[in-house]
Amino acid sequence: MAWLDTRLLTVLTFFPLAWGVVGLMLPSGKDGKAVKAWSLVGTLLTFWISWILLGKFNGGTADFQFTENLPWIPGLGINYNLGVDGLSIWLIMLTTFLMPIVVLGAFTAVEERVKEFFFLLLALETGMLGAFVTLDAFLFYVFWEFMLIPMYFLIGIWGGKDRIYAAMKFFIYTMVGSLLMLVALFYLMHQHQLQFGSYSAAITDLYKLKLAGDGWFSVQGLLFLAFALAFAIKVPLFPLHTWLPDAHVQAPTAGSVVLAGVLLKMGGYGFLRFAFPLFPQAVAQYQMVFMALGAIAIVYGAWVAMVQPDIKKLVAYSSVSHMGYVVIGLFSLNTVGVTGSIYQMLNHGISTGALFLLVGMIYERRHTREISDFGGITKVMPLFAVAFLIVTLSSVALPGTNGFIGEFLILLGTWKTSQWTAVVAGTGVIFGAVYMLWMFQRVMFGPLKNPENEKLKDLSLREALVLLPLLVMAVWMGIKPNLFFNKMDASVAAFLERSVVKSAANDQAPSAPSQKAAPVPGASAKSKTSKI
Amino acid sequence: MSDEPLIATATTLNTIRPELLTMTFGQMAALSPWIWALGGALSMMLAAVLFKTWKWVVPALMIMATAGAAWSSTMLMDLGDQFLFNRMMLVDRFTLVFTVLFAISALVTTLSSMKYLDREGLQHPEYYILMLFSMIGMMNMVSALDLVVIFVALELMSISVYVLVGFRRADRRSNEAAVKYFVLGGAASAVFLYGSALLYGATGSINIQEILAAVEAGRAGGSLLFVLGAALVIFGFLFKVASFPFHMWMPDVYEGAPAPITGFMTTGIKAASFATFVRVMAGLGYGDGLAEAVQKHLHDILWISAALTMVIGNVIALTQVNLKRMLAYSSIAHTGYLLVGILVGPASDSGYGPIYLYLLAYTVMNLGAFAVLSALAKRGDSGINLHDMAGLSKRQPLMAFGMAVFLFSMAGIPPTAGFAAKYLLFYSAVQAGEIWITVIAVLCSAISVYYYLRVLVYMYMREPAEAGGSAGRSWMASAAVLAMIVLTLQIGVLPSRVIETAKSISKTAVPQIGQAGARAAR
Amino acid sequence: MSLPPVEPWVVLAFSAAIFFVGLFGLLVRRNLLIILMSIELMLNAVNLTYVTFSHQLSSMAGQMSVFFIITVAAAESAVGLGLVIALYRTLKTVDTDEITLLKD
Amino acid sequence: MTAINPIAFYLFAGVALAFSVMTVLRKNPVSSAFSLVMVFFSFAGIYAILGAHLIATLQVLVYAGAIMVLFVFVVMLLNSDSPSFDFRRTPALFRVAAGLVCAALFVLFVRVFKNSPPVLTPGAFTAEAVDAAGGNTRVISELMFSEYVLPFELTSVLLLAAIVGAVALAKRHSVAKPVSKKGVAHVAATR
Amino acid sequence: MLKLIPLFPLLGFLVNGLWYALIQSRPGAKKAGSTVTGGLASLAILGSFIVSVKVFLQLRGMPEASRVIEETLFSWIQVGDLNVPMTLRVDVLSTLFTMVISGVGFLIHVYSIGYMSHDETPGKFFTYLNLFCFAMLMLVMGANLPILFLGWEGVGLCSYLLIGYWYTDDEKASAGKKAFIVNRIGDLGFLLGMFLIFTTFQTLDFVEIRAAFSNSPTGVLPAGVTFETLSAIGLLLFVGCMGKSAQIPLYVWLPDAMAGPTPVSALIHAATMVTSGIYLVARLNFLYSLAPTASVVVAGVGAFTAFMAATIAITQRDIKKVLAYSTVSQLGYMFLACGVGGYVAGVFHVITHAFFKALMFLGAGSVIHGMHEEQDIMKMGGLRSKMPQTFLVFLIGWLAISGLPPFSGFFSKDEILWLSFASMKGSKVLWAMGAMTAVMTAFYMSRLFFLTFMGKPRTHEAEHAHESPFVMTGPLWVLAILSAIGGFMGIPPVISEVFGAHDINWLAHWLNPVVPHHVELNPGTTHAMEWALMGLSVLGALVGIFVAKGLYRDLAKAESLKQKFAGVHNILTNKWYVDALYDAVIVRPLVNFSKFLWRGFDVLVIDGFVNGLGRLSAWTGNAARVMQTGSVQTYAIMALLGLLITVGYLVYGLA
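So the sequence lines, in the order shown, correspond to chains L, X, G, R and E. Heads up, the final residue of the first sequence is numbered 545 in my numbering, and it's a clean run with no missing numbers. Heads up, the final residue of the second sequence is numbered 1217 in my numbering, and it's a clean run with no missing numbers. Heads up, the final residue of the third sequence is numbered 779 in my numbering, and it's a clean run with no missing numbers. Heads up, the final residue of the fourth sequence is numbered 358 in my numbering, and it's a clean run with no missing numbers. Heads up, the final residue of the fifth sequence is numbered 656 in my numbering, and it's a clean run with no missing numbers.
Okay, chain L solo, but in the shape it has when bound (with noise of 0.2 Å):
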């Protein structure tokens, strides 16, 4: 298996689109039961292959791990560079864990051209795993653009009503955002040619060009600019945030999962990899713009979400404003707000995902997401209301679940940068109840009034395999998080080093080191140990 270490990555990113391939050609049957198991082997293989990786993954090290470099275009420096390090490596285990219950979720969702649909879906696990293990800006690029077509079919074909309108909208909000991304890349390309005298778009290489950075509008503040469109775009932030709810509503229930769960972290991750250690300068001036956004999206986005009368638009808005939670802790530029950012996005998707999988079921079964159709469903669904309610909280960051410990750990690291976002985005922790549990009441409590909902059957033991891991994975992330921060902190470590600048010009860094030089008495007390 000696192959397999040096070409792990490849395996992983590329095996489910050739899966897929092969999918193709297997005979339609007569709903697809044929192509509908072999994707979910694919996918189960797939997580099974990330298992691997991450069993040999060496969580004490902020270098790459299992990276490859090939030459694809050498011309222009391009390679096919691939690694994993502590930032990626949960993101993609995340995809991995959760495409088999995409995959499952969709088994009877689907009705028309089944083949296409979990061809589509494997391809694009393909182009999501492609973007979080590469290490060449340019490869990134491609994954991240190429993540587009499944998607945009995805939602074009087999979405709901204003499907199309949605499909656009998404395509061409992401596009803009990205070829301006592009433009800089490449003069990030080309800064390099006249800095070091060769082409290169690896990342690590982009990392060590010098930049002029003072200023709000200096080469670094319009890169990072550029950059940080992309992302935020995809993050969503407000106010470009206005593609997802049409996405989220319109695309069929795997395709919300996926794209709440997968792809809004791609911004994030974006950010994580590309905007903050590039420009380093220009993020300590931007810093105060970004967290302020992020926490008009938190509260915003709760705000809006409240008065939705339809439960994914709901859901969606709570993901403007559940990831505003993510743009703040990163930018907080603190070892705890960043840690908190990754770990949001895990539950981000867990939860979310979760979220659009029960919205997905109640929906194959009434054919409507008005709130106001439903109530009382806890009657007729008990087990259904369980896993509701569990995500529920999760969402809400009740302590004891993912949330909680993202949310926490966000808040403390922004608090530390700047109070006052700290105090604005805390809010978003109470009109987040608001929203959840008001429209938890509206839909699973109070009398039975809809004759229609009297006959709801309860979870299938299939919809329950799809709902039972997230729900496990939703309290056990809340418990255990350290399992999860072991593998990263070195890269956090890592990526601080590099996009936190030194100089006085940013006020905010120095003041975690200035606390420390004020040592408390108390602190050696922590190594008390248990007295029974």
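Simulated from the structure, these hints should not be mistaken for lab results. Heads up, a few of these hints could be off.
Under the rule of at most 25 Å between Cα atoms (straight-line distance), these lysine-lysine pairs were calculated in the PhoX-like manner [stated by the list, open to error]:
hint, chain 1, residue 1, chain 2, residue 2
1, X, 1089, L, 174
2, X, 1073, G, 778
3, L, 174, E, 4
4, E, 558, L, 470
5, R, 281, G, 767
6, L, 69, L, 500
7, E, 31, L, 468
8, L, 468, E, 565
9, E, 380, E, 596
10, L, 392, E, 32
11, X, 750, R, 338
12, E, 565, E, 550
13, R, 194, G, 767
14, L, 493, E, 4
15, X, 747, R, 338
16, L, 46, X, 1089
17, E, 550, E, 429
A short, non-exhaustive set of chain X residues, derived as facing chain R with CB atoms under 8 Å [as the list claims (entries may be wrong)]:
hint, residue
18, 726
19, 730
20, 781
21, 848
22, 851
23, 858
24, 897
25, 899
26, 1195
Quick reminder that beta carbons are idealized off the backbone N, C-alpha and C, glycines included.
Since chain L is already given, all that's left is putting chains X, G, R and E on it; use the hints.
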């Protein structure tokens, strides 16, 4: 050679030089693509007259001729620069790669034409013969180092295509397109010629190399006469490639022409025009030898023209429902991107390489798209409106998939050829310091996504309006589409070879004079 | 009375005049045949420019070019007229106002 | 460079200019065509003055002879009477605009010609040298088959293409029948 | 061993929960009865109680200064400089709480077996109840703030679930939601307070924070910490307490929370959860005592809440609502105590209150149970004879809360009143409010008591009310005894002196290592004053009782009084219109503003802008199409214009 004018004799003029009538082996070898093409044209004419079964023989010969030309061109890649015919013609990599491109264009057009012509009742040998002549014109255009040769080749290409555009003689659209094309093309040729006359006056030569030498020696680069001549010559090319505001003929002509011919024009003629444009720009010393003020002014003109071309092409394409016409406007938009390539060529590392790559990608995807349209069109090129595409993915999956790939490619989405082309181009633009035109370009391509994807929407996301009988299928067209899909994806996924090729031709558009022997300078 | 010898620029200006007269005709006339004639005028003006420079520079290239241009112009006219006839066959007109089917 | 005879030049130039204007502005195409012939003849004269004897001859033969015959033939063949003088149908604004653009360009051109003459040293083909080498025609024909063999050959291909094209256009293979809506008009190839 | 305390209820929760969710909840499946599920749950909590007592005994056996038991289970959150181990720690303070929680909890569990015997889904009920106990135990055993917060929100969750237990009733579900959300507002304060603590002390562990104080270089403040920071921390955390412990302005959820089953009200909304705010303040007493501003606010809010809630309680007709406002009022007392520095008094009142209020709630439950779910006291009356046992225990509870000696309420309440008067941080105003509250408490409790048990049955149900089974009355008796004697654990020195003993205030001594009982008194306070005030408050209570007796033996009198003060009565029945005010000022505007943001801003402005860009492109395209006339000449002249501009630019630019 003595240059005492007072005792000039016949020998001093030395008008007959035997060495011009002999050729080295290399020079002969360099002509092999022409031999394939010309031989093909002549045998096709003969076959058309001699064989009753010309209907199969002529296209077969056509395929042979184009494939042969392409093959022999590939073989010659490492031959080195070959100057022929008193250095009026240069067979170098630049010429050869474009020859391959023209051959692909003609070959694929042939494949997609067969069934189409049957359907239209236009199956005539002249169709193929003229296409081949046109291809010969293109080949001579890119290989020419002499403005008059360029003119003659240009006319050879154009005249053949005028006829092809009007080939559906019973259709007034076709006629109208041909006449419009002819009138405006003729006028543009006249302007181009006027420009070359003025260049001749300013530099004393109509040979590109000598013009360049004159410019570099500072003899002409700054004179207004030269600048005016250059402006007119550039006008001629801007007209041919249809850049703003000289683009207006193009949509009408493209819409009126038979679908395969439109494909041929958008690829072959465009590529030939651009390649020659590059040669001529290099010959004028653009970016390398021109006086600074002239350089700056020409740069400004190209900048504005490129920007407006991109914008106009894309925004008008947004409003189109006829796919042929939409692709025509999209072609204008692509002209804009290509102009960026010319704009930045001299200042970037890849030189004019991005133009080649872009044209290659554009050729592949556009040929594919038009092959699809030719296969789908009903009589009289009807039935290729947007709403006719509804549900195509169910009726003709291959065609729909092909169209999707080509459209994604045109929109520049990875992993397609169009993306590879765009990134090399934009990268060069950034390298040349032209950030803002690049920004305009990328924003325009974002706009373009809308109208490209709209076709996909119809093909994949709508149900067919009526169960309208689909046009008959042709395995040749299918083969052509399939080949183009493969090429589009191949260039997109593994672009390194074509990028290397592109970079290798980048700086050699016009070799310095004095290389490889002297020319009879007059 | 003896006029001063004609400066070459006067000849050039004269050919430019012819050229623009041709261009003007192309713009304002609706009859395709006259438009074709206008193009011929333009080509002739170019020829004259070539010959003038050829004369001025004691170079043969200009005259050689004119030779080819004349040939090409002849061929072009033939094809052009052929197209006009084809158009006339379908539309029964040679008026450019009538051929605006393709637009927008 | 020999001096250009002013009287002859202005005579020919005047005639050419006048008839070119008539070509453009005559109502009747036949009249235009004959005006054009006059222009061609005048040009031939100017060529002769400039020492381009072969070109002058060709001008008369090809242009005034062949091309004009073709034109007149087509004009007669089509016999298309415009319902009114089409010049007047062009909107006045358009006419003015066209005139202004042409005039402006003309002014620009002349400005350039006058202020920026060629600054090159003359080449070898002075009138004397050409005469000594056997005259204009001989020099051209010798050049044609040595230095200019490529455009010459290419021109022959072009003529071939034009012939094929003209044949394709003129062949009576398809009846000029508009495609009917039902698409039944199957047009058979007559070969 | 410590981990066993929360582990038992957690196991109970898992067993009951999985059993219920996976098996009982299936459609058509047979539901397990309350005996089995409740028995299971009660056993679990009994286990906790036993371990708690063992731990308590163990602590007692230790030297006073080191009465701490700590157990680290695993490392919970460790990121950068933040280290939060999952550590349980029981010291003198928390051991009391664990015992009260598990003890009272056990009683209530047992009681519930009877109370919920007719319920459809007792499995679910006991699942929640066990989960609650687990969370509550975590709250008091957590060694650091995040664990406390875990319990803090956990109990909030259970409160939410149990209030909305009968979810098919929209109002009940809404009450649960309201409780959660209002608590969340407080939790934000808690979180921020926690952050401020972390940035100030670099730790969240109580012991370590305290160490920062004891190791302070100046002897008062830790290095680099100001009074302002401490006050800010105190205030932020107090916001959390306001939510959890139902203080103004966040008390509104508690009365609504009575929608839940009565045992829930007893356990969560009287005995345990709502007192966690006091626990927190007592736990951080070293911090609050150095935060003057925070202390003033705590005392003021406490006093005002006590007063206002008492006024509302006077006019309520729902038996549980009266008790609920009473709870709010008593919680106000506790904060008043903490605010004036009497942390021990606060804790003392927590414990006694837990006894007698649980007792009264359970008693009320028994009444409701006997009355077939009737809660309006106006429809009761004369239950003394129908439900004699309930009557007796309720009597004890009534006397305890009214503050009559020697019942438990007397001791704790009196200490609070005394401190609010005599402490350095106290004032006459605070005392006056406290004293008036005491009078009102006696009044409304007596009103409740008389209307319920005395007089004649006023309705059919009241006539046919029946006594509850032993499984319910048993716990009542236990609580009644505790309510009666519970006060002796904290006999104030001034009383013990009379009996010749020195200082037998056991509670104060016990708590001393964690909560110092020494309170800085105003100079010039004497024992005589303490006696006088004590007498005054007993007198006030008696006045309250007798006024109530006078009024409510004969309802006509009460009626006429109501007519006389109709305006005041209206305000009081409508709870000072606070709910309406919140609705009008916060809820509705927020919803409307959010709708505006959605339809007006999101859809119109942002999307309008985005779609507008698209439309602008298409419009430009259409405009540019106008040029495309189809006429050759137009094309030509456009091209020529372009040429003219180009040439002109070149010629003039270069000339």
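Is the Cα-Cα distance between residue 565 of chain E and residue 550 of chain E 25 Å or less?
-> Satisfied, since the Cα-Cα distance of roughly 19 Å is no more than 25 Å.
For the hint on residue 730 of chain X, does the least C-beta distance to chain R fall short of 8 Å?
-> 13 Å, violated
For the pair we were handed, residue 493 of chain L and residue 4 of chain E, check the Cα-Cα distance against 25 Å.
-> 17 Å, holds
Supplied contact hint for residue 858 of chain X, tested at 8 Å Cβ to chain R = This interface hint holds because 4 Å falls under the 8 Å limit.
Go through the hint on residue 781 of chain X and say holds or violated, using the shortest Cβ distance to chain R against 8 Å.
-> 5 Å, holds
For the pair supplied as a hint, residue 1089 of chain X and residue 174 of chain L, is the alpha-carbon distance within the 25 Å limit?
-> 20 Å, holds
Keeping to a limit of 25 Å between CA atoms, is the pair of residue 281 of chain R and residue 767 of chain G held or broken?
-> 47 Å, violated
Taking 25 Å as the top limit, are the C-alpha atoms of residue 69 of chain L and residue 500 of chain L close enough?
-> 11 Å, holds
Given residue 726 of chain X was flagged as interface, is its beta-carbon under 8 Å from a beta-carbon of chain R?
-> 11 Å, violated
Mind checking the alpha carbons of residue 46 of chain L and residue 1089 of chain X for me, to see if they're no more than 25 Å apart?
-> 21 Å, holds
Satisfaction of the residue 899 of chain X interface hint, Cβ to chain R closer than 8 Å = 4 Å, holds
Holds or violated: residue 392 of chain L to residue 32 of chain E, with C-alpha atoms at most 25 Å apart = 14 Å, holds
Checked against the numbered hints given earlier, this structure breaks hints 3, 4, 5, 8, 9, 17, 18, 19 and 26; the rest are met.
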